Amino acid sequence: MAQTKIPRDQVEHVAKLASLMLADDEADRLGHELGEILAYMASLDELDVAAVEPTFHSIPMGAPLRADEVIACFPRETYLKSAPKSEAGGFAVPKVLEGEG
Amino acid sequence: MAGAFETVIGLEVHSQLLTQSKLFCGCPARFGAQANEHVCPVCLGLPGALPVPNGAAVDMAMRAALALGCQVRTQSVFERKNYFYPDLAKGYQISQFALPLSEHGELSVEVDGATRTVSIVRIHMEEDAAKNIHGVGSGTDTLVDFNRAGVPLIEIVSGPDLRSAAEAEAYLRRLREVLMFCGVNDGNLEEGSFRCDANVSIRPVGQQQLGTRTELKNINSFRFVRKAIEYEVSRQKAVVSGGGTIVQETRTWLESSATTVSMRSKEEAMDYRYFPDPDLPPLQVDEARVDAVRAALPELPVDKRARYVATMGLTESDAGVMTGHPEIACYFEGVVSELCKQLGNGAKLASVGKRVANFIQSEALRYVQTEGLAASLPGAPEALAELLALVEDGTVSGKMAKSVFSDMVQSGRSARALVDEKGLSQVSDAGQLESVIRDVLASSPDNVAAYRGGKTGLLGWFVGQVMKATKGAANPKLANELLRKLLDEEA
Amino acid sequence: MPSMPAEVHDLGVTEMAAGIADGSLSARALVDHHLARIETHDAHLHGFLHVDVAGARAQADRIDRARAAGKPLAPLAGVPIAVKDNMCTRTMPTTCASRMLAGYQPPYDAHVVECLAAAGAVILGKTNLDEFAMGSSTDNSAFGPTHNPWDLTRSPGGSSGGSASSVAARLSAAALGSDTGGSVRQPAAFCGLTAIKPTYGRVSRYGLVAFASSLDQVGPIARSARDAGRVLSAIAGYDRRDATSIDRPGEDFTASCGEAIRGVRVGVLAGAALEQCDPEMQASFKAGVQRLQDLGCQLVDVKLPHMGHGIAVYYLVAPAEASSNLARFDGMRYGMRKPSGDLRQTYAQTRADGFGTEVKRRIMLGTYALSSGYYDAFYLKAQRVRTLIRNDYEAAFAKCDVIASPTTPRPAFEIGAMHDDPLAMYLEDIFVLPPSLAGLPAVATPCGITRSGLPLGMQLTGSALSEAKLVQVADAFERDLAFDSLPPGLGRASEGA
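In order, the protein sequences belong to chains A, B and C. For the first sequence, the tail end lands on 101 under my numbering, and the numbers increase by one without skipping. For the second sequence, the tail end lands on 592 under my numbering, and the numbers increase by one without skipping. For the third sequence, the tail end lands on 1089 under my numbering, and the numbers increase by one without skipping.
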């Protein structure tokens, strides 16, 4: 199954999308494992499903719509106390550039 | 020839909806609280929390869509737009992608007398992000305030149909006006409840294919929109004229240097991995719901202006002023309708409308203060209508009406009360005025003789004397009539 | 060997609730008894990540006081229940067995936790799981594996292995698990228990830490179908905080327990999947089907032609959803943060250190399946094949009322057995995945035991919202089989000695 390995640059691209720092050996191992798993997924290719509607929700229904009613909020300490870092009532995070994002 | 370029602009507008609660949770959607006081497990993206859509947000989005001539999908789909950023609580934004709420609308704008019809490609619903606060506290970190996270937004995407910065500005003004008149947005660019990104490209005149575009962000005033686009167009022309090529990228407007600078190129562009949000079944709106929203649509400003011109005798310019804000239009229409009621059958809408518009423009507007959708007005429409009725029936002169109005605004009292109290009523009683006139004639025998001898131009002088004797309270029309009668009949 | 008299911890949910209601049992004594058993046995089993001694006793005392005051008692009053540690609890940590959430205490209770409290249940503590419910062994817990009470060298299954282990060992009367692709049914099979995976939308997911949102359901694990049905009755029902909740009034899923199942049409799965099962599993399943026939059921051959594709579909759809669901664990608002240079590095390092191997593997797989250029070929294609699986069931349920299959191809494997071969592990889920993909209810019930003394399970799948029927069939089957759910080693003899 060695030939099914996902190339390193692709593993790194996906890891970047997923915000995961991978060690060298980890990236290597994941390349092999994902390659093997995805090769198995290729079994789906034997089915012609181009005309089949996808099932995103197994039980068909429409979204219920909520009434536009305000629910009282808890004091912010309720949430800030779980934050790795907080300051002046805000969640403190490593500096981001203004306008980025 | 370098310079023979055509500018192509498409705009993406993010507009907050004026619901009470957020799009997917019950937290207040209005601002004014301290940082992170309007948050809950849902909008903070806590483990296990789930979104439930706000029906009023759906209705408001539909109202905007229908007002802009869009078709509303009976089934649309919320999808997840996945990326990491501190203002994004869940690591994804709930938005709409493949199947948006509505599509295929249009909005016409006029610049220098030419009309441009701009297509609205789509209007979809999504949740707003949190606010990153810079330079507060110790300053080493960015602080995130989630009060804004989850506030409902609609994104209104125009086609690449605009051809100048002026047209882009006109489009934004028209769009903002429609949303405000529909009551779904407060039109506040500075505070970000109405935000605009511009896709700008140039191409040689006559070329069909679109040029490479750049996306401009951070343009949060009408002035900036114009300046940023103008700058960007000149930058692109310079690049192309200099033999270079435009790079597809996101650029941000820097007001400090009045330039746009690159934020990220297409190569760095994110792969958002959109997929239908499994937490949210499709958004279904049946025909009845669409019809109900359509039936409740208010008259749009463009239709108001046409009606004011066609039936109320207003000029285009008057009509523009009277639709400068939803509350002004409402005030104007209120005064007109109340005045017509007070004047009874004889009142002609055309003349009444014009006179009301004139009075509002010259006297009332100076007292109007608007903030978002709210406006402070100089009293109720009925109050002004009462004053203008007194002008119509001759009780008060047009000139006096102005000072009475100023008194009304300051004291909050009615026109009738002020006029009565200050004895400002015109002397319109023929008997009373006749005795004044007889006194005037008796004290000026020479001029009477001269008039009767043919110097009829002296009539104006007699009117002046009558006014003087009544301290200006004489009804000028009646004074004229009586003077002429007494001078002529006793000849 | 003559069976010994039942001890209090051998009683079922139904009997415990009845005993407390009639005053023959004290809730406090019952809870203390279970807490003592946890103290004794959980050191070997490691089913619990957190035991709430004070909270459990306080709740038991409230129940006893209410009864003494003559107040009516709720249906699960005083019954000691364990809750999988991926359901939010305000008064206990909720870690999902992940370093990412070590020590994290949510500010709110999950809907199911509220339901248990409203039903008077005593929540003993939080049970171990595969990290973020990803796995079939409970080996993938950041806090160490759970052991199977039937054989401590073996896995209790997963991901709700801690819940299953605690119920099998009589450390709790019943437990809540969550089932995304078999995570209550497979542990029940491995531990000789009954579990219900409800119809998707039957139980609110509000407060269940999401793994794969279109598949996740909370379900009970207990020592009988009747007990499981009783717990399900307490947690099922409409919740407006979950947009996928089915708007149906509550139901007593045990209403038809004790009734005969004569005439019920049982679809029997044939085909390759069955032939690839362990021979003892095949034999036990065949005997189980025969038993159903002997009880008056009508056997029907059914085929689910696309069942085999369920594994590929599931292992694309679930990781794709998981990759998005777990994006919120970024070290910014709660949980672990590993500061490391700038923002992007902090994200990546936090997630690298906070997540375990299997979670990272699935995040990578799911991110890949959703990424530009692969969405159509993998994710979308899988969702289309999912429709074929749903259609298979629709056709099958035109001919039968329930579909019987083994729950797993083999009995419990040894702890760590499949660490180096994730795909082999995924293939073991062949029977439990299709009902999840179709959103259908399924019950796992014991159907026998291997010669080496490991339980084997049978799965009964029903059409949407047919939980009451499934409970009825499983109850009739269990009463006829009289499976002894007590693992040796925790046996009456040894305790009596």
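Because the hints were derived from the structure by calculation, they are not lab data. On a predicted model such as this, the values are computed, not experimentally measured, just so you know. Hints are not guaranteed to be accurate.
Unchecked claim - Straight-line Cα separation of at most 30 angstroms, DSSO-like style, residue types lysine-lysine; simulated pairs:
1) Lys16(A) - Lys232(B)
2) Lys556(B) - Lys578(B)
3) Lys449(B) - Lys569(B)
4) Lys182(B) - Lys81(A)
5) Lys85(A) - Lys663(C)
6) Lys95(A) - Lys930(C)
7) Lys556(B) - Lys569(B)
8) Lys182(B) - Lys5(A)
9) Lys95(A) - Lys232(B)
10) Lys930(C) - Lys16(A)
11) Lys930(C) - Lys232(B)
12) Lys182(B) - Lys85(A)
13) Lys1061(C) - Lys81(A)
14) Lys663(C) - Lys182(B)
15) Lys182(B) - Lys95(A)
16) Lys182(B) - Lys318(B)
17) Lys232(B) - Lys318(B)
18) Lys16(A) - Lys318(B)
19) Lys232(B) - Lys81(A)
20) Lys556(B) - Lys503(B)
21) Lys95(A) - Lys318(B)
22) Lys569(B) - Lys85(A)
23) Lys182(B) - Lys16(A)
24) Lys572(B) - Lys556(B)
| Of the numbered hints stated previously, which ones are contradicted by the structure, given in increasing order? | 3, 5, 13, 14, 20 and 22
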